[in-house]
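K.L.:
From just these sequences and the hints, can you work out the full model?
Protein chains in written order, with the working numbering: chain A, 195 to 531; chain B, 195 to 531; chain C, 195 to 531; chain D, 195 to 531.
Please keep in mind that the hints were generated in silico from the structure rather than gathered at the bench.
We treat Cβ as the ideally placed atom computed from N, Cα and C, and that holds for glycine.
Just so you know, not all the hints are guaranteed correct.
If the Cβ cut is set under 10 Å, some of the chain A residues that face chain C in the computed set are [said to hold, decoys possible]:
1. G222
2. C289
3. R482
4. E483
4 protein chains.
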Amino acid sequence: MRVWQIGDGFGLENLACVEREELSAGPGQVVIAMRAVSLNFRDYMMVQGFYNPRQRLPLVPCSDGVGEVIAVGEGVSRVVPGDRVMPIFAQAWICGRPSRDKLKTTLGGPLDGTLGERMVVDQESLVIVPAHLSDEEAACLPCVGVTAWNALVCEGRVAAGDRVLILGTGGVAIFATQLAGVLGAEVFVTSSSDAKLERVKALGAAHGVNYRTTPAWGKAIKALTGGEGVDHVVELGGAGTLEESLRAVRIGGQISLIGALSGAAQELNVLPILMQHVRVQGIIVGSREMFEALNRAVSLHALRPVVDRVFEFEEAREAFEYLASGEHFGKVCVRIA
Amino acid sequence: MRVWQIGDGFGLENLACVEREELSAGPGQVVIAMRAVSLNFRDYMMVQGFYNPRQRLPLVPCSDGVGEVIAVGEGVSRVVPGDRVMPIFAQAWICGRPSRDKLKTTLGGPLDGTLGERMVVDQESLVIVPAHLSDEEAACLPCVGVTAWNALVCEGRVAAGDRVLILGTGGVAIFATQLAGVLGAEVFVTSSSDAKLERVKALGAAHGVNYRTTPAWGKAIKALTGGEGVDHVVELGGAGTLEESLRAVRIGGQISLIGALSGAAQELNVLPILMQHVRVQGIIVGSREMFEALNRAVSLHALRPVVDRVFEFEEAREAFEYLASGEHFGKVCVRIA
Amino acid sequence: MRVWQIGDGFGLENLACVEREELSAGPGQVVIAMRAVSLNFRDYMMVQGFYNPRQRLPLVPCSDGVGEVIAVGEGVSRVVPGDRVMPIFAQAWICGRPSRDKLKTTLGGPLDGTLGERMVVDQESLVIVPAHLSDEEAACLPCVGVTAWNALVCEGRVAAGDRVLILGTGGVAIFATQLAGVLGAEVFVTSSSDAKLERVKALGAAHGVNYRTTPAWGKAIKALTGGEGVDHVVELGGAGTLEESLRAVRIGGQISLIGALSGAAQELNVLPILMQHVRVQGIIVGSREMFEALNRAVSLHALRPVVDRVFEFEEAREAFEYLASGEHFGKVCVRIA
Amino acid sequence: MRVWQIGDGFGLENLACVEREELSAGPGQVVIAMRAVSLNFRDYMMVQGFYNPRQRLPLVPCSDGVGEVIAVGEGVSRVVPGDRVMPIFAQAWICGRPSRDKLKTTLGGPLDGTLGERMVVDQESLVIVPAHLSDEEAACLPCVGVTAWNALVCEGRVAAGDRVLILGTGGVAIFATQLAGVLGAEVFVTSSSDAKLERVKALGAAHGVNYRTTPAWGKAIKALTGGEGVDHVVELGGAGTLEESLRAVRIGGQISLIGALSGAAQELNVLPILMQHVRVQGIIVGSREMFEALNRAVSLHALRPVVDRVFEFEEAREAFEYLASGEHFGKVCVRIA
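P.N.:
Here it is, written out as structure tokens:
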């Protein structure tokens with residue numbers, strides 16, 4: 195079987211498609227024939243060696259994928275061959291709260307990931323794919339979908355009528371926009387592109403603010419709420435946007451800190467957090483139990499993650515380059531024939 | 195000014211329209227010219243003397259209403275004359291948890307209620323009416339709307355994809371159906387009438403079960419969920435339906451106990467509650483803070499409570515008789531010119 | 195190896211000590227040499243055929259026990275031989291919320307239980323014993339301890355200063371008294387015996403009411419709280435005591451429904467639940483994650499479950515008879531040499 | 195009557211004792227004869243003009259105090275003359291969540307504070323003093339006590355066995371140490387002084403780390419927990435200590451951001467927040483409902499805030515200087531004869 199791996203060193207130029215021995219299922223395990231993978235920015239950072247320079251190599255990158263169960267080991271009862279499944283991001287985070295041990299088991303680093311023809315995973319570490327989704331659409335859910343669910347539903351308890359500000363139009367942002375709509379929230383989105391703002395409005399966002407033409411977007415969004423501020427911010431920019439997010443959020447509101455696209459470290463004034471009784475909640479995907487709840491909502495509302503472009507398995511490197519370009523709206527996927 | 199009151203004794207035949215002195219606003223108070231009232235079954239029970247036989251008379255019945263602020267006392271800052279407002283059910287339950295003192299201040303008993311031409315209430319004990327609602331529609335919100343919000347959102351934390359079973363098609367039931375839809379839930383409704391089931395489906399319910407033709411409706415609904423059971427039951431029947439509700443709910447689910455239309459007392463086997471880790475949550479309307487959150491959702495989604503029929507002020511007695519007949523679908527209102 | 199089992203039919207007279215084949219550990223499993231067992235009333239009901247008349251026989255009864263790991267199967271990493279461990283009640287309830295599938299895996303019915311010389315359990319389905327506890331003391335924790343933790347901490351969120359009423363002086367009651375003290379609560383206990391009330395006061399209860407001499411104990415306890423009522427009731431009596439518990443609890447308080455020693459079914463008036471905004475929360479033990487949190491508290495505060503009497507393995511039948519007599523104060527245990 | 199006020203300009207040198215007209219109680223108000231005040235660092239910052247340079251002058255500083263009700267206005271029912279009471283910090287935050295309007299009503303800026311012989315407050319904006327406390331001890335509760343309660347109980351849900359790290363030995367820190375003990379937590383404290391660490395151990399702290407001799411105290415405390423990290427950090431240092439706090443906290447733990455004694459702004463790497471699923475919760479005191487719950491716990495456990503030194507009313511300026519010196523252990527109070 196073929197897998198893409200980073201072998202001798204980090205860097206996209208070292209990402210190579212190699213042959214590995216076929217896998218078999220031990221007790222409680224299943225073999226999955228992968229059909230589609232979606233890329234996250236984390237995967238790109240991992241390949242480049244920026245995410246975790248001490249990651250052991252070789253590593254099969256990527257954590258999101260969909261495949262078909264083709265073999266099951268002794269004692270497997272949760273799935274049967276033919277089932278279409280998605281491995282979960284942190285293989286040991288089945289339910290309950292996160293822990294060090296659970297977060298050590300994430301796919302695409304430290305564990306081998308989804309960008310190969312076959313994978314072996316524990317039967318406990320996967321979920322069934324909602325029937326209405328294509329392979330590529332479903333491949334977007336494990337990180338992006340579960341992260342949005344954890345932020346908005348589990349930690350955020352967003353209810354109908356709540357105001358939710360979503361930063362940008364990346365993968366988590368677009369899906370969070372769709373999900374927040376299903377929860378009955380009023381969605382505000384920022385982007386550097388008016389065209390992208392139009393597209394998220396078509397997906398249900400009520401308000402868009404161009405942060406390039408409105409650098410003081412935090413204040414602008416607060417004004418849109420009558421001066422009260424939004425209840426919840428899906429913060430994907432990190433240190434570079436947090437101060438504006440703190441201007442946009444209401445007293446006692448929540449900022450779900452999910453990404454750091456604008457930078458990880460920067461001078462930050464913490465006073466607004468305490469003076470405004472704000473909760474800054476870090477989110478690192480979520481558990482299988484969250485994923486199952488998400489899937490129920492996805493199925494009921496026939497939600498479809500937005501796929502920007504699908505690359506062939508052989509084009510994995512081009513897929514990463516396209517992701518890094520930042521030109522996409524929606525997810526970048528790889529099809530595995 | 196005219197008010198309807200129960201004077202010399204309980205009973206609909208003792209409900210009389212009488213003249214009272216005009217009211218004025220003390221410090222922190224406002225005078226409201228009432229425009230519409232909606233009736234709840236509690237009001238009927240109160241008039242008949244069934245709800246609280248020790249209630250002091252005379253009493254102006256009814257707790258739900260809408261009116262216009264026509265005078266404000268010293269120190270009033272939350273509203274101005276001309277504002278369209280709704281008094282809250284428990285006048286002292288502004289926020290936080292319920293308490294004995296807060297629940298002693300409910301309108302329509304022990305305090306005088308909304309069925310009169312003018313009311314005086316503390317400025318803290320009212321909310322602004324969502325602009326898109328007619329007076330009669332808004333008059334349905336204070337008990338029915340806040341109860342559904344408290345049950346589904348505050349205590350129930352219903353999220354998208356959750357399965358919510360709603361018993362019957364009374365006022366709370368219909369509004370809970372609408373609200374559960376806005377929250378992204380999958381709604382199951384029971385009724386004795388196929389025609390009414392069709393009407394709640396038009397309002398967003400996914401499934402209807404006729405409890406007359408399917409007396410074992412608890413089991414039937416559980417089967418509709420693949421045997422798992424619903425996450426939440428809006429229990430309006432009381433002791434007479436609770437055992438079936440316990441058959442319909444999932445392990446670890448919640449039953450919001452709101453009404454007792456089928457009877458208050460009956461032999462009950464409590465084992466399913468503990469064996470299935472079920473939560474039975476009593477709900478007695480809610481706070482002003484809940485009402486304000488509800489109104490935000492009502493406004494955002496342009497929700498409209500269903501009004502069955504509007505009576506003139508002079509027809510208040512007929513309105514009660516119509517309510518008691520049980521023939522309505524949606525709320526029974528009284529217009530105050 | 196020897197186990198006690200109910201073989202040909204239910205009834206204590208059919209409980210027999212038999213030889214079974216030695217057990218070995220499959221992948222992910224461990225073999226435990228049992229050292230001590232504690233009896234719950236559920237075990238007695240099970241043996242008698244009252245708990246689940248459809249339970250398949252033979253069955254090894256009892257769900258609580260302590261033993262030493264003596265062998266581990268392939269892939270076991272959570273424990274090593276020599277570790278002193280307790281199997282968890284619902285073997286599949288590791289974390290998260292309860293479910294049908296998780297609650298199907300309880301020890302002592304439907305699965306074979308702890309009353310034998312050896313057991314095999316999955317490595318995920320056990321916890322390490324707090325070091326300061328004797329085998330018999332620790333054997334009291336799996337049901338009694340986790341139930342009290344789930345009720346008071348997970349579902350009840352009891353905080354310092356809260357008033358907690360605990361019904362009776364059985365196993366859960368005594369441990370809940372100890373635990374509520376550690377949480378900073380003010381504890382009220384009922385009993386039919388003044389002597390037992392003195393003993394729970396020595397364990398930290400602030401107030402005791404003899405329900406034999408004070409049949410209206412609900413009102414009496416409410417009076418002790420200045421008329422406000424208690425925040426939380428640990429309800430172990432069931433249908434026979436629930437109405438008095440509803441008199442004792444405050445508006446908006448919680449009743450954790452755990453046992454039904456006074457009867458499962460009885461006429462019940464549900465109005466107080468809804469009129470007082472009460473939460474009745476069924477509790478059926480809890481998850482491994484709860485057990486681990488409990489053990490941390492037990493270790494920090496050197497809590498010791500109260501053991502009334504320890505029987506030898508050969509005296510298991512006498513132990514059940516003693517349990518059924520109701521004369522004990524604290525847990526009845528069986529030592530396995 | 196005499197009050198201390200900042201008149202013509204900010205700065206301790208402008209703090210002056212002046213005569214003001216006697217106060218009377220309007221409708222719903224009470225007049226309080228103040229007996230004791232405690233100083234917070236916020237008060238010192240306010241006097242110096244650092245807290246809010248746009249604060250209108252003159253201003254009576256300080257937000258914490260105790261006094262006796264000496265007159266009540268029309269309609270006052272919650273207290274009677276002779277009651278010993280404490281005004282609440284944010285006069286309009288009675289219950290529920292914080293809001294802009296509620297947080298605009300804080301004593302000692304923008305509203306006149308407690309450092310005078312008499313105050314007028316709304317009857318809703320005060321609580322009764324626990325009987326066992328001296329005036330000076332009680333005067334420590336409104337900010338310090340409620341802040342600790344909000345952080346540990348309301349937002350933190352600290353349970354028995356939880357590990358709580360408390361930074362420093364200031365007013366909030368010492369009371370949080372006492373309160374965390376009552377909640378059953380294991381307390382870790384940092385300080386620059388071994389002597390102070392000994393004193394907090396005497397108050398119940400289990401572990402102390404000197405951050406002067408152990409600059410990498412975050413790692414040191416994590417090591418003390420077996421590498422898992424603490425569940426909760428009471429973060430009083432702000433930007434200057436947050437990175438170490440993030441090293442000390444467990445995956446999924448909470449950091450309650452309360453103070454910024456070490457600085458408000460600094461370069462901060464936000465990645466640990468998201469990678470470790472940490473919650474950073476800003477805390478700005480709390481509501482009257484929280485205060486009442488706190489008082490119940492304080493009374494039940496006879497908790498006594500630690501008073502370092504009491505100054506006479508005439509020595510208010512010296513009291514501020516002593517506070518600024520940082521030499522105290524416990525609260526600095528002013529007695530008002």
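K.L.:
Does each hint fit the structure? Answer for all of them.
P.N.:
For each hint, the structure was consulted:
1. G222: Holds. Min distance 7 Å.
2. C289: holds (3 Å)
3. R482: holds (9 Å)
4. E483: At about 5 Å, which falls below the 10 Å cut-off, the nearest Cβ of chain C leaves the hint on A:E483 intact, so it holds.
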